[in-house]
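Asks: All chains, please: the whole structure from these sequences, using the hints.
Chains as they are written, first to last, in the numbering used here: chain X, 1 to 335; chain R, 1001 to 1208.
Don't take every hint at face value.
SDA-like, lysine to any residue: derived pairs with alpha carbons at most 25 Å apart [what the hints assert, rightly or not]:
1. Lys329/X with His1137/R
2. Lys290/X with Ala148/X
3. Lys1178/R with Ala148/X
Hints in this document: simulated from the structure, not taken from any laboratory.
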Amino acid sequence: MIEYLQILGLEIYKILFLLIPILISVAMIVWLDRRVWGLVQKRRGPNVVGPFGLFQTLADALKYIFKEIIIPASANKVVFILAPIVTMTLALVAWAVIPMSEDLVLSDINVGVLYLFAVSSLGVYGIIMGGWASNSKYPFLGAIRSAAQMVSYEVSIGIIIINVLLCVGSLNLKDIVIAQEELWYVIPLFPMFVIFFISALAETNRPPFDLPEAEAELVAGYQTEYSGMMYAMFWLGEYANILLMCAMGSILFLGGWLPILDIYPLNLIPAPVWMMLKILFLFLLFALIKAIVPRYRYDQLMRLGWKVFLPFSLVYLVLTASFLFYFDKLPKVNF
Amino acid sequence: MIVHSIFFYFFSIIAIFSSLMVITSRSTINSVFFLILDFISVGCLFIMVGAEFLGMILLIVYVGAVAVLFLFVVMMLNVAEQKQSWFIGKKSTHIPTGLIVSVLILLELLVVVGGWKYKEDVMSSSTLVLSNISNTHQLGLVMYTDYILYFQLAGIVLLLAMIGAILLTFRERKGVKKQSYVNQISRGPSTAVELIEVKSNQGVKIDD
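Replies: Below you can see the structure in the form of structure tokens.
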């Protein structure tokens, strides 16, 4: 039993070692997002608190902590409080399987991709619960929109993941990265990468697909009734989810921790740094798109998901499978 | 081993408790939430016995998709809270049907578990004993070789069910304005903007 407690203590230490950097990087990434947004629009963005305004998010968080949490009188209190907690927890829990380098991973499970997919598909609950429990029109409409949107885009993300898995032959995230040692999958599966990226935007409710919180129609969508720390938790969970999607994209398509070319000066850079650079690159794309692209209409969003992405990724799946089969490149399993 | 059983009892107590709450809770929404909790704890039990693939698929399919639609429907239909539980209060017509179904399920479980307990070759499959390959590979090896016909048939049945559901709920509504995407996308400055010389006191006719 004592031995077990020791292991448990070590694990908790490891988890903290993973969680704290993620929370800090979420704070930094919020700053980056706002900064990029500002620069695109020829504004300065946050630049007052700390050097380059880097501590802006921390100041905001402090402000949120000291604000009053208002629970509407007609709200379902338990679900109302549970919703931001669910969002935040799910966004952080998924990081357990993300490998930052060959041996820097919290839990190296065999079904890593499925785990990631499962956790990201659970993310919709935080939003539905928040929207329903608020007992108010706009949050509810936002929640319903977001449920439909996330379920639709999950389907195409699932098929894209199958595409990658066909090339790898394993559900383990480490194996997926190692299989890309010769060629990153972004090259042979480039259309899938584009679709994955757009679906990730829709899955995390980012602009141009931020209909659940379209301020012109729904005030702030499912977050309308939230205030103080609970709003901040929704917000942190959302950004942690965005980071997670970026990490997923870099593992599936951009070769995870592998350097661009395995040559002398490049492979001196440690593996986690490469991973972070790739996540950062994808996040910059997310931030740029937020600033550049106008919002979709709801029927356009649904059409894009079901009538464009789903058939296209299905056809591409058949093509990938036929190619691998014809050229005898299907991954072999060693028994 | 102690730790293992602690976790087992933890998850199974949650599973049993939440499945009881599904049928006893008064608000329909709470029932759905407890159903989700039930799915998650059963998924954890699957993972504990080493069936990680099944556990994850249970989470993805049931919690990630089916239960979301349940929740969706329950919220949209605005089902009123049941004032009385099914067990207390006036007679309910649900009880006989429920009893028949549950007795049938109990019998099925008895047959399956009993058969497995007393005659081991009922359930054992010769292909499932390879131990050094992962769970997912084992399942794939069985499903796509020995049982490929049944697997494909199950897929076709599901497809048919989907088409049937769409057909049943599809109704053509008249007088609904529809957007034509081709027209919207192919619209450019040359077709969208028109310069008109407006004569005084006559005005122009816009929008055909």
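Asks: Hint by hint, say whether it matches the structure.
Replies: Outcome of the hint check:
1. Using a Cα cut-off of 25 Å, the hinted pair Lys329/X and His1137/R holds, with the two alpha carbons roughly 18 Å apart.
2. Of the supplied pair hints, the one linking Lys290/X and Ala148/X holds, its CA atoms being roughly 21 Å apart against a limit of 25 Å.
3. With a C-alpha separation of about 20 Å, the suggested pairing of Lys1178/R with Ala148/X holds against the 25 Å cut-off.
Of the numbered hints given earlier, the model fails none.
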